[in-house]
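There are 2 protein chains.
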Amino acid sequence: MLKGEKTRQRIIAKAAPLFNRKGFESCSMQAISAATGLEKGSLYSHFETKEELAVAAFDYAWSASCSARTGNLEEAANSVDKLKLHIDKCVSLPPFAGGCPMLNTAIDTDDGNVVLRRRAQNALHGWVSFLTQIIEEGKSKGEIRASVDAEALSTLIISLIEGAFMTSKLQKSKQPMLIAQQHLNAHLESQVRCNENQVRA
Amino acid sequence: MLKGEKTRQRIIAKAAPLFNRKGFESCSMQAISAATGLEKGSLYSHFETKEELAVAAFDYAWSASCSARTGNLEEAANSVDKLKLHIDKCVSLPPFAGGCPMLNTAIDTDDGNVVLRRRAQNALHGWVSFLTQIIEEGKSKGEIRASVDAEALSTLIISLIEGAFMTSKLQKSKQPMLIAQQHLNAHLESQVRCNENQVRA
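Note that the protein sequences, when read in sequence, are chains W and D. With the numbering used here, the residue at position 91 of the first sequence is 91, and numbering never jumps. With the numbering used here, the residue at position 44 of the second sequence is 1044, and numbering never jumps.
For the record, the hints were derived by calculation from the structure and aren't laboratory data. Positions of the beta carbon are idealized from the N, C-alpha and C atoms, including for glycine. There's no promise every hint is true.
[Stated by the list, open to error] Some chain D residues judged to face chain W by a derived CB distance under 10 Å, without partners named: (1) ALA1123; (2) THR1132; (3) LYS1169.
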């Protein structure tokens, strides 16, 4: 990696938790300068605007969050178990510093930066697509009931995880996340897993 | 109402949507001055600090949100139907300008103002208590199954509503809220409503 690219990556890695914690408006280039030990002029030689850096920082934070939560799901052979493993990772793994980047950016930008908002929208779209694909595969393999609306189930899982993440953090308790997990697991077993398949097995 | 108190209330009503939209750090006293047509000095004669005004603004916004969503639930005679009516109000009623004040303040203050954060924590606590009371009453009347964990069900409902509120707003679609409502209603009918009671009825 060229030195310039290495510096750029180091700036992004330092800026990501700061933007994620404070939001776009409240996170100053001054703070990023302090965190990186680089002059503001040097930051601007790598990123034309604060927005460009914030977007790169969001991509970095979201990518780190996703790879930990969507990776290695093939450990679970069945589609329903893949969903349960993904939910377990969402509940168990420590969040990116400052909390879920999508949730933070969604709230931070709902009357704010439109470029970052588009990023958060794409993140949600990508997450829905990821889960929808697992569910559709499960339906085609007979592991998930044909009547299940894949996109609706994906949206339900994401909404509950994100909401429970917020209530957990606010209550300073793991309990809301565990309640969400228990509820989703029970729903997946009773309403989503293909019973015919279980009978056949 | 004395003139001073009337002005104070007018400032709070104008400041509440601004704080709710932009967050504590990003909302300037300058913006509130512009919205109210009052000089900054005049604002500070009513509120010693920006924090004091932000707290009053949160209380105003949260109170407005709650009274619309928790009022008139006695229209529904049965406890389960009260929960369903409350969920319907959460899904159907237009949110306070800028979105749910608790969600916004929870995310805005998770690495920020501690006094406002405590306010959001109390709001969540109050909401959980409100639903828990309905559920406990339902249990004592035989309308809700004795096995239901009232606090866990309250937390589940709130987490899903808040999460769906975020995904709905991000997707610019009512769909995630409707999915959440349909799911909660089905859960309340199949896992919460007391069947023995239905049989007896």
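Interface hint status, D/ALA1123 versus chain W (Cβ within 10 Å): The hint holds - D/ALA1123 has a Cβ within 10 Å of chain W, the shortest such distance being about 9 Å.
Hint status (Cβ of D/LYS1169 to nearest Cβ of chain W, threshold 10 Å): Because about 6 Å separates D/LYS1169 from the closest Cβ in chain W, which is inside the 10 Å limit, the hint holds.
D/THR1132 as chain W interface residue, shortest Cβ-Cβ below 10 Å: violated (13 Å)
Of the hints listed earlier, the one the structure fails to meet is number 2.
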